[in-house]
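Chains as they are written, first to last, in my numbering: chain A, 4 to 205; chain B, 50 to 134.
If you're looking for bench data, these hints aren't it; they were derived computationally from the structure.
Here the structure is a predicted model, which means the values were calculated and not measured.
Hints may contain errors.
Unchecked claim - Below are the DSBU-like pairs computed for lysine-lysine, each with C-alpha atoms no more than 30 Å apart in a straight line:
{"hint": "1", "chain 1": "A", "residue 1": "K21", "chain 2": "A", "residue 2": "K10"}
{"hint": "2", "chain 1": "A", "residue 1": "K104", "chain 2": "B", "residue 2": "K102"}
{"hint": "3", "chain 1": "B", "residue 1": "K102", "chain 2": "A", "residue 2": "K57"}
{"hint": "4", "chain 1": "A", "residue 1": "K97", "chain 2": "B", "residue 2": "K60"}
{"hint": "5", "chain 1": "A", "residue 1": "K46", "chain 2": "B", "residue 2": "K60"}
{"hint": "6", "chain 1": "A", "residue 1": "K104", "chain 2": "B", "residue 2": "K112"}
{"hint": "7", "chain 1": "B", "residue 1": "K54", "chain 2": "A", "residue 2": "K97"}
{"hint": "8", "chain 1": "A", "residue 1": "K42", "chain 2": "B", "residue 2": "K54"}
{"hint": "9", "chain 1": "A", "residue 1": "K57", "chain 2": "B", "residue 2": "K112"}
{"hint": "10", "chain 1": "B", "residue 1": "K107", "chain 2": "B", "residue 2": "K60"}
{"hint": "11", "chain 1": "A", "residue 1": "K177", "chain 2": "A", "residue 2": "K146"}
{"hint": "12", "chain 1": "A", "residue 1": "K42", "chain 2": "A", "residue 2": "K21"}
{"hint": "13", "chain 1": "B", "residue 1": "K60", "chain 2": "A", "residue 2": "K175"}
{"hint": "14", "chain 1": "A", "residue 1": "K54", "chain 2": "B", "residue 2": "K112"}
{"hint": "15", "chain 1": "A", "residue 1": "K54", "chain 2": "A", "residue 2": "K97"}
{"hint": "16", "chain 1": "B", "residue 1": "K54", "chain 2": "A", "residue 2": "K162"}
{"hint": "17", "chain 1": "B", "residue 1": "K60", "chain 2": "A", "residue 2": "K42"}
{"hint": "18", "chain 1": "A", "residue 1": "K104", "chain 2": "A", "residue 2": "K54"}
{"hint": "19", "chain 1": "A", "residue 1": "K54", "chain 2": "B", "residue 2": "K54"}
{"hint": "20", "chain 1": "A", "residue 1": "K57", "chain 2": "B", "residue 2": "K116"}
{"hint": "21", "chain 1": "A", "residue 1": "K57", "chain 2": "A", "residue 2": "K79"}
{"hint": "22", "chain 1": "A", "residue 1": "K57", "chain 2": "B", "residue 2": "K60"}
{"hint": "23", "chain 1": "A", "residue 1": "K104", "chain 2": "A", "residue 2": "K57"}
{"hint": "24", "chain 1": "A", "residue 1": "K97", "chain 2": "B", "residue 2": "K107"}
{"hint": "25", "chain 1": "A", "residue 1": "K42", "chain 2": "A", "residue 2": "K200"}
{"hint": "26", "chain 1": "A", "residue 1": "K79", "chain 2": "A", "residue 2": "K146"}
{"hint": "27", "chain 1": "A", "residue 1": "K177", "chain 2": "A", "residue 2": "K104"}
{"hint": "28", "chain 1": "B", "residue 1": "K60", "chain 2": "A", "residue 2": "K104"}
{"hint": "29", "chain 1": "B", "residue 1": "K112", "chain 2": "A", "residue 2": "K97"}
As the list claims (entries may be wrong) - Chain A side only, calculated, beta carbon under 8 Å to chain B, not exhaustive:
{"hint": "30", "residue": "S53"}
{"hint": "31", "residue": "F56"}
{"hint": "32", "residue": "K57"}
{"hint": "33", "residue": "V116"}
No residue lacks a Cβ here, since even glycine has one placed at the ideal position from N, Cα and C.
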Amino acid sequence: MSSADYKIKSYCHIRDGKVSKNGEVLFSDSSEEFSAFIKATYKHFETDYSKFFKMDNLSKLAFMGAEVLLRDTDEKNIALILSNRASSLDTDRKHQAAISKQSGAFASPAVFVYTLPNICMGEISIRHELYSENSFFIFAEFKPHLLSDYANDLLETEKANEVLCGWVDYDKGKYDAFLYVIAKKGLLPLDTGELTKLYRTK
Amino acid sequence: MSELKLELKEKIIEQLNLEDVSVDEIADNDPLFGEGLGLDSIDALELIVMLDKDYGIKLADPKEGRKIFESIDTMAAYIAANRSN
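Bound conformation, chain B alone (with noise of 0.2 Å):
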């Protein structure tokens, strides 16, 4: 799992363009919208094609990114649990 939470953080980093952020500077439970990483709907709309191309998982109702894309936690354990690739 750690190994995945290192993976999700540098694909966010590279994929969100996320300038002068590195790796270490994200906690696991981190919030990754408002007042943590300061990501926007764009970036959640991202995030969304990151886990459709990346592990195969496709969000059926976006509504859903709310609680998976809380943090680096909730985005490993949802894409642990639910990937297809």
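Excised from the complex, chain A in its bound form (with noise of 0.2 Å):
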């Protein structure tokens, strides 16, 4: 099977207020905090997972677009290949916080362990049982054809059967999430251009 018969199998946006999936509005809320917003999608989507309340925000964002488009998926060999601008610095500024107090500095083991962007992807893994390969990407911008190229390859080299990817992006109360999945059959062609126009959509 060729790259060019690669499909975008379904895709999800969580931004503004809003988590869609294949371009429906599946839940809104008007919480102008990012934590009341996101723990209102938790409830809408009936996900029954207690450890979402201890992960990071970046964790959280990421958690809710994989189970919005993982859910009602059998499949188990999906790679996971995410990217964002801000990396996990809304938690490193936590943490150097906590390390920095004049009076008594106390690091906290539950902060610290978010101060790497692709933990979120660990717990994407867990909660769905994924064993696949995954790689985290720090870019300026989204950049769908480096995402895509490596996940032609893992599809190419049957490494995966399916690749969740995407932009997954949080920083000081601002979220942006826009993940998709790549597979054999799906809605829409493969490319670039096609991605692009996926991510901006509002």
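With the hints as a guide, bring the two chains together.
Encoded structure:
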């Protein structure tokens, strides 16, 4: 199968207080704070996973995006290729603040474990029992062609049957997630123009 | 001692982000790990930091935590006997 034959099986946006799948808004919430919005999202999708509340904001965002796309699939050989701009900076700052206190510095282990962006892929893998290859890239902006090249290689070499790709960015209360699943069958052709268009869809 | 137990329950719920768990739902002898509250290894580290930060107790050997953190009862007893603040 050539890379030109791979498809975008499904896609999800989480931004501006809305969660959508394949262009259809599934949930919206007027909460201004991300923490309230993502908690409402978790409740709306009846996600029964208490460890969600221990995650940092980046992981919560990625987790819910993956939840929307993977909750009804039986496929387990799904690789993960995610990217963002801010890395884990939001959590890094919290850790920095904790260890910089003049009056007694105590690092929080629960914060420290999230001071890497790829931890969010670990959370997704645990939730969906994925033992697949994964990579997280830090880019200045969404670069679908780079993610697609990597995804194509994983599919062509049969290291994965599907690949969850995308952009999941969180910093200082601002959030933006666009995740999509690449597979042999799907809704839309896999090409950079299509992905760029979908990413920019409001 | 009952005041300390209540304080511990409140701290555990807040610091370990136990969503939808209330103080009333934690019995003094409930196991904190495994079948009980379902805390994990990172939570155990948080509890060790909490002992140090809030009660001035430094655990020299983290393995000690296994017995100390069995339940609210065991935690409260250990803190009452060893606290420096």
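Taking the hints in turn, this is what the structure says about them:
no., hint, result
1, K21/A - K10/A, "25 Å, holds"
2, K104/A - K102/B, "13 Å, holds"
3, K102/B - K57/A, "20 Å, holds"
4, K97/A - K60/B, "19 Å, holds"
5, K46/A - K60/B, "24 Å, holds"
6, K104/A - K112/B, "28 Å, holds"
7, K54/B - K97/A, "29 Å, holds"
8, K42/A - K54/B, "29 Å, holds"
9, K57/A - K112/B, "23 Å, holds"
10, K107/B - K60/B, "18 Å, holds"
11, K177/A - K146/A, "20 Å, holds"
12, K42/A - K21/A, "13 Å, holds"
13, K60/B - K175/A, "26 Å, holds"
14, K54/A - K112/B, "24 Å, holds"
15, K54/A - K97/A, "20 Å, holds"
16, K54/B - K162/A, "52 Å, violated"
17, K60/B - K42/A, "21 Å, holds"
18, K104/A - K54/A, "28 Å, holds"
19, K54/A - K54/B, "24 Å, holds"
20, K57/A - K116/B, "24 Å, holds"
21, K57/A - K79/A, "25 Å, holds"
22, K57/A - K60/B, "15 Å, holds"
23, K104/A - K57/A, "23 Å, holds"
24, K97/A - K107/B, "23 Å, holds"
25, K42/A - K200/A, "29 Å, holds"
26, K79/A - K146/A, "26 Å, holds"
27, K177/A - K104/A, "26 Å, holds"
28, K60/B - K104/A, "20 Å, holds"
29, K112/B - K97/A, "28 Å, holds"
30, S53, "7 Å, holds"
31, F56, "4 Å, holds"
32, K57, "5 Å, holds"
33, V116, "6 Å, holds"
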